[in-house]
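Engineer: Going line by line, the protein sequences match chains B, E, X and G. Numbers given in this note's numbering equal positions in the first sequence, counted from 1, plus 15. Numbers given in this note's numbering equal positions in the second sequence, counted from 1, plus 15. Numbers given in this note's numbering equal positions in the third sequence, counted from 1, plus 15. Numbers given in this note's numbering equal positions in the fourth sequence, counted from 1, plus 15.
Note that these hints are calculated values from the structure, not bench results. Just so you know, these numbers come straight off a predicted model, no measurement behind them. Zero decoy hints are in this set.
Because identical chains cannot be distinguished in the list, a pair is counted as satisfied if it fits within a single copy or across any two copies.
Computed cross-link-like contacts, DMTMM-like style, restricted to lysine to aspartate or glutamate with a CA-CA straight-line distance of at most 25 Å: (1) Lys67 x Glu349; (2) Lys201 x Asp77; (3) Lys67 x Asp83; (4) Lys67 x Glu344; (5) Lys201 x Glu49; (6) Lys201 x Asp289.
As a plain string of letters, each chain reads:
There are 4 protein chains.
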Amino acid sequence: MQVSIIGASGYGGGELARLLSTHPHADVVQVVSETYRGRPLSAAFPGLARTKVGAIPCDGHDAAIRGDIVFLAVESGHAMRVAGALLDEGRRVIDLSADFRLRNSEAHRTFYKAEPAPEALRKRAVYGMPELDREPIRSARLVANPGCYVTASTLALAPLVRTGIVAREGIVIDAKSGVSGAGRSKSDTLFRYAEANESTRPYGVGGVHRHTPEIEQNLGAPVTFTPHLVPMTRGILATCYARLANGIRPEAVTATLASAYANEPFVVVRPEGDWPSTKDVAGSNLCQIAATVDVRTGTVVVCSVIDNLVKGAAGQAIQNMNLMCGFPETAGLEGGGIWP
Amino acid sequence: MQVSIIGASGYGGGELARLLSTHPHADVVQVVSETYRGRPLSAAFPGLARTKVGAIPCDGHDAAIRGDIVFLAVESGHAMRVAGALLDEGRRVIDLSADFRLRNSEAHRTFYKAEPAPEALRKRAVYGMPELDREPIRSARLVANPGCYVTASTLALAPLVRTGIVAREGIVIDAKSGVSGAGRSKSDTLFRYAEANESTRPYGVGGVHRHTPEIEQNLGAPVTFTPHLVPMTRGILATCYARLANGIRPEAVTATLASAYANEPFVVVRPEGDWPSTKDVAGSNLCQIAATVDVRTGTVVVCSVIDNLVKGAAGQAIQNMNLMCGFPETAGLEGGGIWP
Amino acid sequence: MQVSIIGASGYGGGELARLLSTHPHADVVQVVSETYRGRPLSAAFPGLARTKVGAIPCDGHDAAIRGDIVFLAVESGHAMRVAGALLDEGRRVIDLSADFRLRNSEAHRTFYKAEPAPEALRKRAVYGMPELDREPIRSARLVANPGCYVTASTLALAPLVRTGIVAREGIVIDAKSGVSGAGRSKSDTLFRYAEANESTRPYGVGGVHRHTPEIEQNLGAPVTFTPHLVPMTRGILATCYARLANGIRPEAVTATLASAYANEPFVVVRPEGDWPSTKDVAGSNLCQIAATVDVRTGTVVVCSVIDNLVKGAAGQAIQNMNLMCGFPETAGLEGGGIWP
Amino acid sequence: MQVSIIGASGYGGGELARLLSTHPHADVVQVVSETYRGRPLSAAFPGLARTKVGAIPCDGHDAAIRGDIVFLAVESGHAMRVAGALLDEGRRVIDLSADFRLRNSEAHRTFYKAEPAPEALRKRAVYGMPELDREPIRSARLVANPGCYVTASTLALAPLVRTGIVAREGIVIDAKSGVSGAGRSKSDTLFRYAEANESTRPYGVGGVHRHTPEIEQNLGAPVTFTPHLVPMTRGILATCYARLANGIRPEAVTATLASAYANEPFVVVRPEGDWPSTKDVAGSNLCQIAATVDVRTGTVVVCSVIDNLVKGAAGQAIQNMNLMCGFPETAGLEGGGIWP
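From just these sequences and the hints, can you work out the full model?
Structural biologist: What follows is the structure, encoded as structure tokens:
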């Protein structure tokens, strides 16, 4: 399978290149980066020196796309302009931006301050979180790859909301992210080392962060979502709070999660008390989850961790590609996490 | 005023020494550290080289205490054994441990897995959070200095709970702390650099952390409290969630906080949207707070930051000393935070 | 003494404000920052909330300067344009930029790629490293505050070169700096958190860094100087290598340093083997030094640490002000370092 | 090829497991860790959950060894006790400790304060740095895997010393390492997060670090070697200084390095000025090098970076295994580095 990566010099694009460099069935044949046009991709990612993908010269953004599979790893707003033509050429598209994630146009307008993709195009898109519903992904031509916070939050809560283990009202998600979540192109001072280091800060407080409606779409329940910036490069920890539903025993929480994910290759449910750390999943496509109940207050607490650039972006995109192409779902993603 | 610091080589003790080294009215005359017995305090804190307090040789733990004011900066369980005698000698005691914080003996037994201090001794202790109630501190002989998480959480929520702006049920506090909160003597691998770096993790999940009952005592309301370890040395951010009470306008939240703290020298209420970062208070005795309401879900979100070793420990202890001694409350604490 | 800080919202300017906020004899009456024009300085440095200096509204860059003492904490090239007029108005000027540091015009042109200050103005400037020569500073009207790397390197080596303990040829200085050394306005990607974190890198290799000629001017000897960026916010460690001069006993190295700095308030010479760490001086005006000899190769190794923003910039500038004004040299700088 | 990892729960052992988990020709059949005896290896490395190697229960240290290839990733002093028996059983051994690195017994005694391995056993060991001499490794039964600092330093300098491009006298190596270099079992306070963070420090100054004689053995020249601890988890940067030999043109430096490594799969020589950063090689087996000459002083400066746990330990060990087993040298090591 021949693969093109558009936006190859960003953090998400680079992670696609790193992971695909050892994929047994996919072959990166094209990398597009206006910034590095004409230079080998290893100029953007020195760690790719001596890999095949690292040696590929970057095409500019006006290049003809050649891949059978096209990963779009660029800012929201771009995919909706180019995906139609790519599909018409018979290519399959995996979009890492938010362009096709929300079914609700109004929510898109409200949270993204922009027009959503045309209805006809959006209808062709399949939401690509395999653990929620992998069947439609297998035959999809256009996949909307989920947001990073969304992935951690949804995997933590969806089985509990769906089964009624927790109440649908009063869900709080307090998420902590490494700074790479902001992307490579952001130059705000708060992403600078001297200001981000030794500093933890909330942002997008009060239900205004763009990932809020996507989480709500996945859960079918309203949430209060607060993202935070933590002084680390990678990783997301979502600490999720919900009310234990009436008549449910506390033991049911972990049991429900364990049962929901029993056959999932990338979701690990740990025993109560064995709390996961973002370092546990660095560099891997795993989501690790543990839960408990504060019986004093009847509050369920679920903690889930992912690597924001892997399961939260490039890794999940490759998992989607594997499904779309009939490869083993774990192909190219079997490597363990990097630790410490 | 002559001051003794017991436990001077720990993180809290060192911060007392640092802050008191330029205090206009207090004079450290004795530092006690068994580990550094016989060596100048600057052996434990090279940054105190060339300060008067740094040159003081450490007494062993069997030394006679000489200070009029005695700071106890040692593990919980010690103060309850020595405070009585110190008080009988006419000294005033500020205890940075948990020995005298909880009024409820049973809560102490449950959360600290240990017997509380004798009733008679506990009755002499005054809880030392000036913003809650500073009058009793002025005449106290024994002050229980609050916990670090407790300080950030209480200052964020107390005015809202007391005035009924938020409901008393369903409060969630998600707190993030730098690693120095664990103290200097902890050697668990999870405090080691290679494992703590690039890692955010929850711990004490499910309402079992020792600071839980102390927060509840201050608020008069149950809370679900979850602490997290974040890869930074100093700082606590408490993100607090509560339900906006019926009939209360969102604007009332920030207004209530601003009004409550209008005359407080160390609490800064920032406008909605101007979210504080732990770096904003590093090295200073400030608590900075901002709040908003997620109107979609009716959830109040209050974010407060402190330096866990200053307002969360040594700085607040000195603030208490100032009150006890009739000094200006800000004496020795006027310096701005260190940034970046 | 009334003080103006020009460039008050940069890292150096902010550190001046922090340190001067508790200075017993100096009073900041004016802060100039085009970026924060009209806003209180605490908008740029939230840690200065509730300090007097933090409440001062920033003047724009066209404001009339009012201070008796004027700190210029702006990019090189500015001071040479404004210093003359300030001096003519009777103000005393301390310039934290490089405009007046080099006596050799040609070196200035080579390393700064710019014309040096006019000869007449440069002649009025005194080089402000008190440990090298404090007498001229006392009567100076215009002080050139040394570079950060220069301070760490010079204090480590000057006594050894001057006394002939080490050879003048073959000196190597390998310096490691925290990222704040780049200043607040630099937006290069290599200063971004996600790229600077977990990364140590050299830059300006091969004798091309601007601080090279200034170190050589101080030592009177050629040096190979290599700066490195280390993932921390503050601090410089200079590891200096020189050949032990013929006939000199290894013990003479530490003895010479100890003797040279015996009466210096801000230089601590530690015993051989007690190696200093940058954390030991964070937030303080200290320079800590330790040395040894690799007797197998006859190489002297001297390690010195400073806080790049204090002894490497604002602290040393205040030390110079104290000398110029006849204040105690340590006024406002007595506080110990912040640790951990 | 069946593989046993002894010391599997240490940092080096875990990295072997991570890298071998996707090796095409080697199969980890046994992991030995007394600490995790009876528990799956993923208990020690949660990132290995869902990998085959992560599921293997750890044997205790008394288990019979089963692998054809045995990696010894334990403290120095152990391999010399067990290697003989393993060899006698027909197994091939790759020792990551220092037991067989030094040919000079006296140097071993001096720097390791311990008796070296028996002469007969040492004679069977081959030093395993393929770039120095890979032929003997192909037929080796016992390989001494090089030290981490040694690898970075040797690769930077060996071609220059061997060809006489630099003088053999006066070589200085200033190396900076992440904290994982200390190993997982070290509990000194200086490895704790709160004390290691925001701190750079030298140690083993003056030619006393254990890697000194190994570097000298590789170069055939005396060196002044100074290691430093830098606040990052992984990575080594060696900044190497040497005198340009008489009559050699500066251009010869990079040209010689480039020529020496032209066919090396894991050594990248970058153009002058394109300085490598430790992040460029994180997680990969690459060594990246760039050099220049300070023509003012005639000093050659070579900067080389490796991941201390990969090319500095586990990756190089696998490279050696590949050579010993006739596998492609890059098998299992093709993946690019992780960035950011």
